[in-house]
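S.K.: Sequence:
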Amino acid sequence: MSREIVNLIQWRKKPSCIWPWRSSHTSSIINFHSTDPTGHQLLVQSLEKCKYSRSSTDVFRTHATIVKLGYETCASLTSLLVTSYICFNHLSFSRQLLNEVPYWKFKLVTLNLIIASFMKMGDVDIAKKVFVKMRKRDLITWNTVIGGFVRNARFEEAFRYFKRMLSSNMEPDKYTFSLVITLCGRVGALDQAKWVHGLLIEKRIELNFVVSAALIDMYSKCGRIETAKSIFEKVKHDDVSVWNAMINGLAMHGLAMDAIATFSKMEDENMLPDSITFVGILTACSHCGLTQQGREYFNLMRTKYSIEPQLEHYGSMVDLFGRAGRLEEAYEVIKGMPMDPDVVIWRAFLSACRTHRNPGFGEVAVSKISHLDSGDYVLLSNTYCSVSKWDTAENVRHMMRQKRVSKSRGKSWIEFGGVIHQFKSGDKSHPEMEQIYKILEGLIGRIKEEGFKPVTELVLMDISEEEKEENLNYHSEKLALAYGILKSSPGSEIRVSKNLRTCIDCHSWMKLVSKVLKRVIIVRDRIRFHRIEDGLCSCGDYW
DNA sequence: TTAGGGTTAG
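Residue numbers (UniProt numbering): 1 to 543.
Calculated directly from the structure, the hints in this document are not laboratory data.
Accuracy of the hints is not assured; some may be wrong.
Each computed EDC-like pair below joins lysine to aspartate or glutamate, with the alpha-carbon atoms no more than 16 Å apart [to be verified]:
#1 LYS518 with GLU533
#2 LYS133 with GLU100
#3 LYS236 with GLU206
#4 LYS107 with ASP138
#5 LYS403 with ASP373
#6 LYS411 with ASP427
#7 LYS487 with ASP534
#8 LYS304 with GLU332
#9 LYS518 with GLU450
#10 LYS128 with GLU156
#11 LYS515 with GLU493
#12 LYS304 with ASP274
#13 LYS265 with ASP238
#14 LYS174 with GLU202
#15 LYS518 with ASP534
Build the full structure now, drawing on both the sequences and the hints.
M.R.: Below is the structure:
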């Protein structure tokens, strides 16, 4: 907060009043008399100017003048004040103002603007309150509020408000649909995605490049890469974002060669790639171990397309070498970066150190991360476990306990009958848990008979083998899979989503399950898809 | 006399 604002706030006379200027020190930045008929206009102009000012002092002063001249209840000035305070991040002042003027005094457009401003600042609950109190709402109101929920990751509410919009007979437009399509992709809910797609066709919404890109992305993120491909074939390829959505979708599914082929087709059709295209193509290479091609594309960016690599491109390169076990080269990339590596890059490096059992480099990565989160501690501790340094691993866990950092718990979801069922590791809260455990235990026995050996090294603590095995058996993705087996018909595909990366043990276990039960299992983890069929996974065990 | 849509490293 600037010195000026601090001074202004210190002017306060009445402790119960939040306004910093309500004192004898109030001054006006414009000179006119209260009877001046153009006073209102001048105040409006003054507030408009405030938006270009560096400090909020001018807003405070104009606000003081507004009150001094008796314009306090003027809705148009109040709304300008609200948005000005939002501009300067003084949300408490904006909220207070909204309480002082009755809503019916505001025009619809003003309230829309207020909702948009609060949503932008992340104050979702206030925006929601304004929406609830509104007597009239238009298409802009609905789009703003739904978009606000999506922007602030309040997915469930976004979907609920979309349904409310439909039942209140407000016709959604292409903007509403692109928001809701994006939403379905973020959640990864295929049934909802199909329903929204059907509605889009029914309402004859124009399939422009934004909607097309969103649809391709949605189906990719819902595990339906074939549908995404067929949409890509049908729509116009007139914008780079449509290509980017396809390349990124293919990368997410580990289809690096298809992503590369799409890139070549793009070049053939004289469509210029942008920096996002290269993020997609580098990701595709890194997820499939194509280090040489990755390096070539990284160079191509500069030499052929004059695109300067950004942080995320360097991130992909670190990941490319890191995953391949070429930790020295990954470290060289970090050291050679023209900008400071961010925490994402160090975490990618740390993750590679865990996979390739290198605690030395792991310590380097950890020393560079200023605020370690639970995942970082777990990765480091796991790195020590991977080389059997149990004492050091325990020290890390001790540090975690001391700092009261708890391990983020694995969660998995499965969609069934339009409902998303969530499971945590070792969870017993689901109403059908008894049957779920029965199925899971039966399956564990059967898979063991097939010769499956649990990857017990993964369980962090240095405890007995038996305990470790018990811990692994009830990982959230196994519970979700068991629920899928319980609810679906034999032979049908089972789709599970997880908030973290799939663990190696669950991955090998599911490969055997797919073979024994002759079923396709699709697992969407934090960063990619695994399509498991007949004992093999689309990731080729490289992830 | 308002706001707003898509693709982005782990």
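S.K.: If a hint holds in the structure, say so; if it doesn't, say that too.
M.R.: A quick look at each hint next to the structure:
no., hint, result
1, LYS518 with GLU533, "holds, 8 Å"
2, LYS133 with GLU100, "holds, 14 Å"
3, LYS236 with GLU206, "holds, 12 Å"
4, LYS107 with ASP138, "holds, 12 Å"
5, LYS403 with ASP373, "holds, 10 Å"
6, LYS411 with ASP427, "holds, 10 Å"
7, LYS487 with ASP534, "violated, 21 Å"
8, LYS304 with GLU332, "violated, 24 Å"
9, LYS518 with GLU450, "holds, 14 Å"
10, LYS128 with GLU156, "holds, 14 Å"
11, LYS515 with GLU493, "holds, 13 Å"
12, LYS304 with ASP274, "holds, 12 Å"
13, LYS265 with ASP238, "holds, 13 Å"
14, LYS174 with GLU202, "holds, 13 Å"
15, LYS518 with ASP534, "holds, 6 Å"
Checked against the numbered hints above, the structure violates hints 7, 8; every other hint is satisfied.
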